[in-house]
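Asks: Read off the chains here:
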Amino acid sequence: MKNNKLMISAAGSGKTTYLIDEALALPKEEQVLITTYTEANEAEIRSKILKKKNCIPSNITIQTWFSFLIQHGVRPFQGSMNDELWDNDITGMLLVEGRSGKKYDKNGKPLIINGHPIYWEKDNFKKYYFTTNWKIFSDKLSNFVEECNTLTNGAVISRISRIFSHIYIDEVQDLAGYDLELIKLLFKSKSTILLVGDPRQVTYLTHHSIRNKKYRDGKIKDFLIENCKSLLSEDSIDEETLKKSHRNNKEICDYASKLFEGIYEKSEPCSCDSCRKKNIEHAGVFIVRQNDVDEYLKKYNPVQLRWNRQINVNENYSVYNFGESKGQTYDRVLIYPTSIMINWIKDNSFDFKRTKNGKQENIIGVREKFYVAITRARYSVAIVYNFSDDEKIEGVQKLKL
Amino acid sequence: MSYITKVNIFNYKCFKGLFSLDFNDGVNIIVGNNEAGKSTILEAIHLALTGLLNGRYLRNELSQYLFNNIVTQEYLQRVNEGSDATPPYILLEVFFKGSDFPKLEGNGNSNRVKAQGVSFKILFDDNYREEYEELVKNELKTIPIEYYKIEWKSFARETITARSIPIKSVLIDSAANRYQNGSDIYISKIIKDNLNDKQKAEISQAYRKVKDVFMDEEAIKNINNQLIKNSDISDKKVMVSVDLSTKDAWETSLMTYLDEVPFHQIGKGEQCIIKTNLALAHKKSKEANLILIEEPENHLSHTKLNEFVHNIVNKCSDKQVIITTHNSFVANKLGLENLTLLHNQKQTKFSELDPETFDFFKKLPGYETLRLILCEKAILVEGDCDELIVQKAYMEAHNGRLPIEDGIDVISVGLTFERFLKIAEKIGKQVAVVTDNDGDVESLNEKYAPYVGDSKSIKAFYDTVVDTGDLTIGKDKKKFNYNTLEPKLLKVNSLDSFNKIFGTKHTKIDDMHKYMKNNKTNCALKIFESTIKIKYPEYITSAINWCDEE
Numbered sequence: 001m002k003n004n005k006l007m008i009s010a011a012g013s014g015k016t017t018y019l020i021d022e023a024l025a026l027p028k029e030e031q032v033l034i035t036t037y038t039e040a041n042e043a044e045i046r047s048k049i050l051k052k053k054n055c056i057p058s059n060i061t062i063q064t065w066f067s068f069l070i071q072h073g074v075r076p077f078q079g080s081m082n083d084e085l086w087d088n089d090i091t092g093m094l095l096v097e098g099r100s101g102k103k104y105d106k107n108g109k110p111l112i113i114n115g116h117p118i119y120w121e122k123d124n125f126k127k128y129y130f131t132t133n134w135k136i137f138s139d140k141l142s143n144f145v146e147e148c149n150t151l152t153n154g155a156v157i158s159r160i161s162r163i164f165s166h167i168y169i170d171e172v173q174d175l176a177g178y179d180l181e182l183i184k185l186l187f188k189s190k191s192t193i194l195l196v197g198d199p200r201q202v203t204y205l206t207h208h209s210i211r212n213k214k215y216r217d218g219k220i221k222d223f224l225i226e227n228c229k230s231l232l233s234e235d236s237i238d239e240e241t242l243k244k245s246h247r248n249n250k251e252i253c254d255y256a257s258k259l260f261e262g263i264y265e266k267s268e269p270c271s272c273d274s275c276r277k278k279n280i281e282h283a284g285v286f287i288v289r290q291n292d293v294d295e296y297l298k299k300y301n302p303v304q305l306r307w308n309r310q311i312n313v314n315e316n317y318s319v320y321n322f323g324e325s326k327g328q329t330y331d332r333v334l335i336y337p338t339s340i341m342i343n344w345i346k347d348n349s350f351d352f353k354r355t356k357n358g359k360q361e362n363i364i365g366v367r368e369k370f371y372v373a374i375t376r377a378r379y380s381v382a383i384v385y386n387f388s389d390d391e392k393i394e395g396v397q398k399l400k401l
Numbered sequence: 001m002s003y004i005t006k007v008n009i010f011n012y013k014c015f016k017g018l019f020s021l022d023f024n025d026g027v028n029i030i031v032g033n034n035e036a037g038k039s040t041i042l043e044a045i046h047l048a049l050t051g052l053l054n055g056r057y058l059r060n061e062l063s064q065y066l067f068n069n070i071v072t073q074e075y076l077q078r079v080n081e082g083s084d085a086t087p088p089y090i091l092l093e094v095f096f097k098g099s100d101f102p103k104l105e106g107n108g109n110s111n112r113v114k115a116q117g118v119s120f121k122i123l124f125d126d127n128y129r130e131e132y133e134e135l136v137k138n139e140l141k142t143i144p145i146e147y148y149k150i151e152w153k154s155f156a157r158e159t160i161t162a163r164s165i166p167i168k169s170v171l172i173d174s175a176a177n178r179y180q181n182g183s184d185i186y187i188s189k190i191i192k193d194n195l196n197d198k199q200k201a202e203i204s205q206a207y208r209k210v211k212d213v214f215m216d217e218e219a220i221k222n223i224n225n226q227l228i229k230n231s232d233i234s235d236k237k238v239m240v241s242v243d244l245s246t247k248d249a250w251e252t253s254l255m256t257y258l259d260e261v262p263f264h265q266i267g268k269g270e271q272c273i274i275k276t277n278l279a280l281a282h283k284k285s286k287e288a289n290l291i292l293i294e295e296p297e298n299h300l301s302h303t304k305l306n307e308f309v310h311n312i313v314n315k316c317s318d319k320q321v322i323i324t325t326h327n328s329f330v331a332n333k334l335g336l337e338n339l340t341l342l343h344n345q346k347q348t349k350f351s352e353l354d355p356e357t358f359d360f361f362k363k364l365p366g367y368e369t370l371r372l373i374l375c376e377k378a379i380l381v382e383g384d385c386d387e388l389i390v391q392k393a394y395m396e397a398h399n400g401r402l403p404i405e406d407g408i409d410v411i412s413v414g415l416t417f418e419r420f421l422k423i424a425e426k427i428g429k430q431v432a433v434v435t436d437n438d439g440d441v442e443s444l445n446e447k448y449a450p451y452v453g454d455s456k457s458i459k460a461f462y463d464t465v466v467d468t469g470d471l472t473i474g475k476d477k478k479k480f481n482y483n484t485l486e487p488k489l490l491k492v493n494s495l496d497s498f499n500k501i502f503g504t505k506h507t508k509i510d511d512m513h514k515y516m517k518n519n520k521t522n523c524a525l526k527i528f529e530s531t532i533k534i535k536y537p538e539y540i541t542s543a544i545n546w547c548d549e550e
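As given, the protein sequences belong to chains A and B, one line each in that order. All the letters of the first sequence, read from the start, carry residue numbers 1 to 401 under this note's numbering. All the letters of the second sequence, read from the start, carry residue numbers 1 to 550 under this note's numbering.
In case anyone wonders, no lab produced these hints; they're calculated from the structure. Glycine included, every Cβ here is placed at the ideal spot set by N, Cα and C. Keep in mind that the hints are not guaranteed to be accurate.
Selected chain B positions facing chain A (in silico; Cβ < 8 Å) [unchecked claim]:
#, residue
1, 105
2, 156
3, 157
Here are some chain B residues pointing at chain A (derived, C-beta under 10 Å) [as the list claims (entries may be wrong)]:
#, residue
4, 99
5, 100
6, 102
7, 103
8, 107
9, 114
10, 154
11, 158
Only chain B is shown next, with the shape it has when bound in the complex (with noise of 0.2 Å):
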């Protein structure tokens, strides 16, 4: 068995530059953002391994549009201000494990390492030198993508062909890319992959057969004779036939079926259910197989998507896959151990996370975990009072939109902030931090000092005034924490106003205090339902005006 273990990006679609990813054997789940690139990855890979884009052959239908929009912006620069005029490349590459296929072994690569792989490159075509030469005497307004060529190589730098590359791959996206008789390109192809070559010569011997009955047909021949005699169409005899003029005719031609279903009928939902299917219970032994799915809650109820990643489970022991998701059960049924984020073409592996912090995120619910990750920014909050109070004053900023409508996440931890911020730091994700001082200014400078700073993504509010009172709580009369949210709620709003809120006829703060203590989670809920303004400490309008900020 066979597995791929790195891919390297240049210069292709969102990657700017080198970006590299790399893979474990099994099951690899691709988490990121919308933009961050995942589709580009698996597109990327199926490319080099197929030669298919949009399952259609790449080398008659390159486009300037493959090459990062950057680079070609600097590239038309540089050649329209007269200076370096050496046109972009798109490099693509894919390292796989082991020694098991030597003719692709070499190092040709970037890496500049002996390992075994391919390399599909397109790039500009040096026979063309003159024609670029002229050409470049004017001003350029797009890349001369007439003039690039593919190359496909093995890392021994030998040519190679699609047939000669031993890890097959199957691409299940959300696209539908059909033939013209809309049959499904990929069911085709999966289908085909797993017929040996006496089966695909023996169908297409088959359709052949086909093709001459039909044409034995006596209506056909009647049809046939009056075309023929009908010398107005064409000085050349007309006919109607059925297409062979492909090598794989069939192919184009038959229709998968389901049920009696045309496949293409039935929903995308159970279409990509069975695609999954069918790559996993593929059976070739000599080839390796590489499943990439693109984002399968798409199309997916849960019930659906819950037997869909059952099934990966229990069946992708010989089969490397790799997934790209949102959905943060899909993340966490497959295993966080194989979790890759992505953000800002930055990637982190769970597994490289410290153990315990590892630890601490496979114990929590599944729906926490990613939220942190596919957020643009996050708040961090100790409790569900504070998030509520922290959405509030959101929404009272932001014309009443939730902050999740803006890509902001209020995420409620607990006392567990520096396992969160582990991994803001890691991806550079921005995060603030609000939290009470609960009287000890210094230690929470010091607690947060390893992770804010003028060039760090996390910023971390609280109060810096310490309050103080003679208010005491119960029989053993316990100091009262002035330096929670309620009190410093309290400081910055009227008695008066919270009583209205709460419908509530406190008269002393002392018992406003109190009731808000014992009443937390009402409380908040009060204040949020209530349209009712209301002021907010300094430390939480602090943190909402960071969140406008670029």
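Next comes chain A alone, as it looks inside the complex (with noise of 0.2 Å):
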């Protein structure tokens, strides 16, 4: 009998790891498909399994989200979603931000009415999913995916659960939207499905589909509650096998699970002997002001993060975006956090909402990846901030060299 699970994960608990050694210990025969959003998580899966082993053994396929849509969900039955996909072939994959397919007008300028663009809707096939020259929009695909399994009576579902008897999908609150019912289908499916993730990460969507809306923001359990409730077991949902950091300090556990209150249990840092150094000098979050950081630099050599390239930073040390860092270890940080998030430190009951056109709506990723800034040092953590003497800060330290 096989058992799905869902692992919530904190981060720098190891579930990358701990993804990868349940799929080398599986027998030669299984073959097992290690899947993941982003690129750059493909790449360290492949080299965190080199580290282990000399090479990547050949039962284990390691693909991105897309490239396995394209190749397993897409091409093996397109021709039956529209019979000009009989002769035209796929060439590739087309990635957008926001909705794709917006209709233009003859100077080739985008349709606007009434102060929205005007979009292709699925009965014009061709430009609805697809790009001039066949590329299909990244939006789109596991929408395509769906629509094609059902079509064929399920043997594009089919067909993957025969070559893969395993399917992991890492970093998996990046999944969204059309993701969600192509994770139902295959929790459905003959595959035995692993999904490991922390939603406090979501620093990318897949799309940003009005599809499955209320599980955007990570809330991939609740989709597996509300909607695959017969295809879940007791033990089917583990918060605690990787609720433990074995990255941050207890102080930097702390202030980070702050950030989501009420809405996840509090991660907690290992007890591991070999993870805890003692006797560690500046350990914990501190605050610094503009006028201290060149010499904050100097003194502890943090790795800066940033929300994008137009923030200044002193180049002389090295600095990544936020989304960059995701997946990555260092001992300590220096964070240039966006005024939202400075809302936050000022005032922890923040709520990351925003007034837009009379409605309240989430500011999607600021407080997510703030979580991700956060919790990418061992030690210390150092954001800055120019605060004033008398100011009350919560959870951190002011710090004045």
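Fit chain to chain and form the complex, with the hints in mind.
Replies: Shown next as structure tokens:
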């Protein structure tokens, strides 16, 4: 009897390593797919396996989610979706931000009516799903796969489950919309599914579809409970095994957990001897003033983390965008927060919602990226903030150099 | 175990447009005339499964001659007229049975069905669109093959290599395909297929060691030293060594020996038997094995052929064999139910004939069965005498050539005309029936009505005149039948000339009737062997004339 699993993990809990060990422990005749959303993480999985084995075992296939969907979801039965696809090759995928398939006017400018762009609908198959040279839009990929599977009476998923007896998805919190429908179909299939992810680290979204919108912010657990109830067993959802951080110390765990207070369980530092070095100087969470940044860098040599390339940093020290740093471990970090992050630093009850067009909406990704940034560090997190001497700031130590 | 169930061949060599052939699990026999495309079918299957044509990778040796000639001509005409210039393509598709290879599963095939299989396509490479546009401005004489590419994909539309195809095919043909050193490509492939990865690595390492030992040999060292010193040859260091330039150098350098005789020195027939036995003995359980054999009778004596067929029957239990032949012995031994007839690119499976007709052919002795299929035209007659007379009539009209020399077979079928006609109808074979009217033209008209007609390939010839007379035979005064071959012959010839031919001295017509009736075979033989020309009844000469029609 197969047992599908969702493992909710904390930052630094070694979830990718866990997943790899599970895959390597399988008998050689079991074919396993390891897939994840980003190319960076795909490369990371590869290099982690190569550190344990001298080559990738022949029964393990590593692919990004998109490349898996194109190869095994789209191409095998593409003809069943539309007659044009019998004779035309799908040449690849176009990664889009936001909704694809805008209508254009004669001059090649997007058609705007009442301030909104106009989109092609499904009745125009080609323009809805594809670019003119048959690249499929990334935001419609999983929708295509789901429909193709329906039209072929399940041939798409049946084929996949006969190729891969195990399907492991890392960083599952990045999947959304129709991706979740595919997860449901995979849960129903013969393959054994293992999902690993940290819902607090949603930094990419596969698409902005309105489908399953309420599960958008990493709420894969809610999705499974509400939509796949009958497919779950008692131990299908595991929030314990990967709860402890092998990376962050207690102060960092506490501060990062505060970001999701009342939403997710607090993360805790592990108690492994090998992870916990004694007598670390300058450990914890700090705020430093802009004027002290250069000296702080000189003294502690942290990795700088920023929102994007527009943020000014000291180029003499290493620097990454928040998104890029996902999955990485550093001894110390120095964070350049955005103005929304500063709102929260000043008042931890700030709820990352804003009012737009008279409606309250979540500010997507800011809290999550801040969480990622904080949880990169082993010993110390410093945040650049020009505090005044009498300002009360919770959870951090003011640092004056 | 997996098998191939179907091959689609499109625009390849003798096949214009789509040709499709189904296979069963065990033995498949393809029977047809020369030029019917039998070898091309085997070649196409092997190419789609291995990428090899004549033992070489086709990828580097694309040629316009792979395209069907008519397709090429039509294309060139279109281009040069300035109309549609879409370059033609070749498509080979092989379908696998069952669901054991999900990676190869999809609907990327021209039948647009969910299936497992591979597709091998030779098509215009779109990257050369610009060059092509320029090219077609001038007169085109050939297909611009330099702008073509090969797409080798699974039915899941995924690019594949020979390695990813689980069915390994072995082609055993009469052509000799050798490496430069003379070792046989197929025998090497079969032996290589029999080795596991570890053994393959071992053999290539052992081969490398041979090189080292060779280089360490004192004599070689001296020779090389001398070569190096002799700077006249080149500025660079000149040495002799063993060729290790390719990955599988051992394959091209090692020779297979049989009783210490190099494989290629053995007789062709023996080679054929050994290749087949090796392929049959292939033991890799994970891989299916498909054995393609081209006309084994070509190099084998009857005894050897018997042994060969016996081996196939006994050892192919878990292998699929596709064999082409025009030898009726081979076909009969291997089972008529496995037989596919190929004629004018149309196929007929024996197993699809109605059960009675099939049973009938199963009971017929070997040689008779396939004559109808293998000839170009056939004349069906009732008995041996008719056969001789028709042959003679043909010879007289064709400067003494036997009909068989012109591909026309005169077959004596007794009273089973209809059985043969059912097959002839299926395969569109041109067949003439030459028969007695036995005094009942009406019933003959009725009997052959379903088979003949302007559009049909079958024609029935019989005398439409019913002759009568007073002659009776025997004590019970049975009426003499004036409407069989002999009386009809006598009717158009003189008593005198028949007396000469038979060496008789009959003075009464009735006596000659009686004589011929009682000595049918003898008379027919005498007519056949005689140099005296006779006249033939109109229905026979019409049949002979029909043979000459296109």
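Asks: Are the hints correct? Go through all of them and say.
Replies: These are the hints, each one checked on the structure:
1. With a least beta-carbon distance of about 5 Å to chain A, the hint placing residue 105 of chain B at the interface is held under the 8 Å criterion.
2. Checking residue 156 of chain B against chain A: minimum C-beta separation of about 4 Å stays under 8 Å; hint holds.
3. A least Cβ separation of about 4 Å between residue 157 of chain B and chain A falls short of the 8 Å threshold, and the interface hint therefore holds.
4. Hint on residue 99 of chain B holds. Least Cβ distance to chain A is approximately 7 Å, under the 10 Å limit.
5. Interface restraint check: residue 100 of chain B against chain A, minimum CB-CB distance 9 Å, threshold 10 Å, status holds.
6. Interface restraint check for residue 102 of chain B: the shortest CB-CB distance to chain A comes to about 4 Å, inside 10 Å, so the restraint holds.
7. The beta carbon of residue 103 of chain B comes within 6 Å of a beta carbon in chain A, closer than 10 Å, and the hint placing it at the interface holds.
8. Nearest Cβ of chain A to the Cβ of residue 107 of chain B: about 5 Å, under the 10 Å cut. The hint holds.
9. Restraint check, residue 114 of chain B versus chain A: the minimum CB separation of about 6 Å is within 10 Å; hint holds.
10. Proximity of residue 154 of chain B to chain A holds as hinted, the smallest CB-CB distance being about 8 Å (cut-off 10 Å).
11. Contact between residue 158 of chain B and chain A, as hinted, is supported at the beta carbon level, the nearest pair being about 6 Å apart and thus within 10 Å.
Violation of the numbered hints given earlier is absent; every hint is satisfied by the structure.
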